[in-house]
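Going down the list, the protein sequences come from chains H and C.
Each residue of the first sequence is one higher than the one before, counting from 1 in the numbering used here.
Each residue of the second sequence is one higher than the one before, counting from 1 in the numbering used here.
Check before you lean on any hint, since a few could be wrong.
What the hints assert, rightly or not - If you anchor each label on the Cβ, the simulated ranges turn out as follows: (1) H/Val-35 <-> C/Arg-124: 53 to 61 angstroms; (2) C/Glu-248 <-> H/Gln-102: 49 to 57 angstroms; (3) C/Glu-203 <-> H/Tyr-38: 50 to 58 angstroms; (4) C/Lys-83 <-> H/Tyr-38: 39 to 47 angstroms; (5) H/Asp-54 <-> C/Ala-31: 24 to 32 angstroms; (6) H/His-39 <-> C/Phe-120: 55 to 63 angstroms; (7) C/Ala-31 <-> H/Tyr-38: 20 to 28 angstroms; (8) C/Lys-190 <-> H/Trp-144: 27 to 35 angstroms; (9) H/Val-93 <-> C/Ala-31: 20 to 28 angstroms; (10) C/Gln-170 <-> H/Ile-33: 45 to 53 angstroms.
Calculated from the structure, these hints are not laboratory results.
We put the CB at the ideal spot given by N, CA and C, even for glycine.
Residues per chain are reported as follows:
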Amino acid sequence: MIKILAAISLSGVVLASATQASELALSVELPQIDVAEYHRPYVAAWLQNDDSGDVTNLAVWYQLDKADDKGEQWLKDMRQWWRRSGRSLDMPVDGVTGATQQPGVYSIDTSKVAKDLASGNYKLYVEAAREVGGRELLKIPFQWPAHSAQTLETQGHSELGKIVLQLAP
Amino acid sequence: MMKSKFPFIAILALSLPLAANAHRAWVLPAATVLSGENAWVTFDAAVSNDIFYTDHAPMRLNGMKAIGPDGKEVSLQNPHTGKYRSSFDLELNKEGTYKVFSASSGLRARWETEDGKRGFWPGRGETPAPEEFKKAVPKNAKNLQVSQSSRRMETFVTAGQPNKTVFALQNAGLELQPITHPNDLFAGEKAEFRFFIDGKPAEGVEVTVIPDGSRYRNSPNEIKVQSDGKGVVSIEWPSAGRYWLEAEYQDDKAPAPATTRQGSYSATLEVLPQ
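Isolated chain H, as found in the complex:
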């Protein structure tokens, strides 16, 4: 479910002024999950160009602290990300990969990505997979660059909470 909100005032706060190049901001919510054995989820967020299929990774959170890169063993559980991008990457990736996060709302730095992103139709994907838990994949279609300030949202039901994508021309 995607809501387009008239959010000119909102984006004015979050995003830089309209005199600059197009802007893109993303926030990802990891919900509190009440289970006996909780592990922080693996999360990937990426942009995919509908025409070229080109993938731009925004963030990949996985277990970095294990000996011998053991944490890479479960990267494949983010199945769509693994297929679209992960399997062709050399992990870790500077500016993209990071440690897993506890429940909360996270802003993902997209400033570098926005600068170089080719124009076209895109989908934002956010995928989460949790050890002894489930998997969830959410997407938000959008056009780049945006013609107007927009706030696009979608709500996860299990492994992800609210995903908010803000665009400004």
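With chain H held as given, fit chain C onto it using these hints.
Using the frame of chain H, we list chain C on its own:
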């Protein structure tokens, strides 16, 4: 591959239980898509009526081989043969696609003797040299049918980025080459594979695809397709899970003394959810 005076014959030692026609031989990887360095995959191999249920006989591992993403042979580790199944492990220490397979081929003959008895060659479990054919078949055999028969059974697993080195054709028997990589199959999507017989595109290959889990439903839910003039079949995966694909081909373009050419191929495939 092994050198032979008979290029269409004796590609590999006969390894599959040729007599087990009613039963299906399969090898099942525990996972097909792996990440991280030095992944391991464990496999079960058995012969049974119901796909992936180990309730009949183990597959003998003497003809089972594996090749890695560089085309070199990889050894099967921790092999074990029990009452109903064999198992072994594969270490994926290079990035790319591995193939686990078993392949065999040879001449087979059936005839009737003058007093009406049936004869066949080779005998059950025998793997004679092809030149013994002339000695084995009586001169006055009636209704002699000689077939050049080949079998191949495969499955694939990939660590990291898939590659296609293991799909190089051997130009012998019925073989599959991917258009869609077999470790890149997703529910609701179409996959295309191309079949070859003795290295040439095989038209009219009868392909049956059976989903796992027949124990929990009343019908086998088979998908049946046939290859086109280019040897291509297209399969749309109705749901995620493991599938067993069987392909059969027959024609009369066999090298003498065979009069028919038969190829059978099977593969275990995994389809992932979107």
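Consistency of the hints with the structure:
Between H/Val-35 and C/Arg-124 the CB atoms are about 56 angstroms apart, so this pair conforms to the stated range of 53 to 61 angstroms. Between C/Glu-248 and H/Gln-102 the beta carbon distance is about 55 angstroms. The supplied range of 49 to 57 angstroms therefore holds. Range check, C/Glu-203 to H/Tyr-38: Cβ separation about 56 angstroms, and the 50 to 58 angstroms hint holds. C/Lys-83 and H/Tyr-38 have their C-beta atoms about 41 angstroms apart, which keeps the hinted 39 to 47 angstroms range intact.
At roughly 28 angstroms, the beta-carbon separation of H/Asp-54 and C/Ala-31 lies within the given 24 to 32 angstroms, and the hint holds. Look at H/His-39 against C/Phe-120: about 60 angstroms separates their beta carbons, and that is inside 55 to 63 angstroms. Restraint check, C/Ala-31 to H/Tyr-38: a C-beta distance of roughly 24 angstroms satisfies the suggested window 20 to 28 angstroms. Under the hint 27 to 35 angstroms, the C-beta atoms of C/Lys-190 and H/Trp-144, about 29 angstroms apart, fit the expected range.
Taken as a hint, the range 20 to 28 angstroms holds for the pair H/Val-93 and C/Ala-31, whose Cβ atoms sit roughly 24 angstroms apart. For C/Gln-170 and H/Ile-33, the Cβ-Cβ distance of about 51 angstroms falls inside the hinted range of 45 to 53 angstroms, so the restraint holds.
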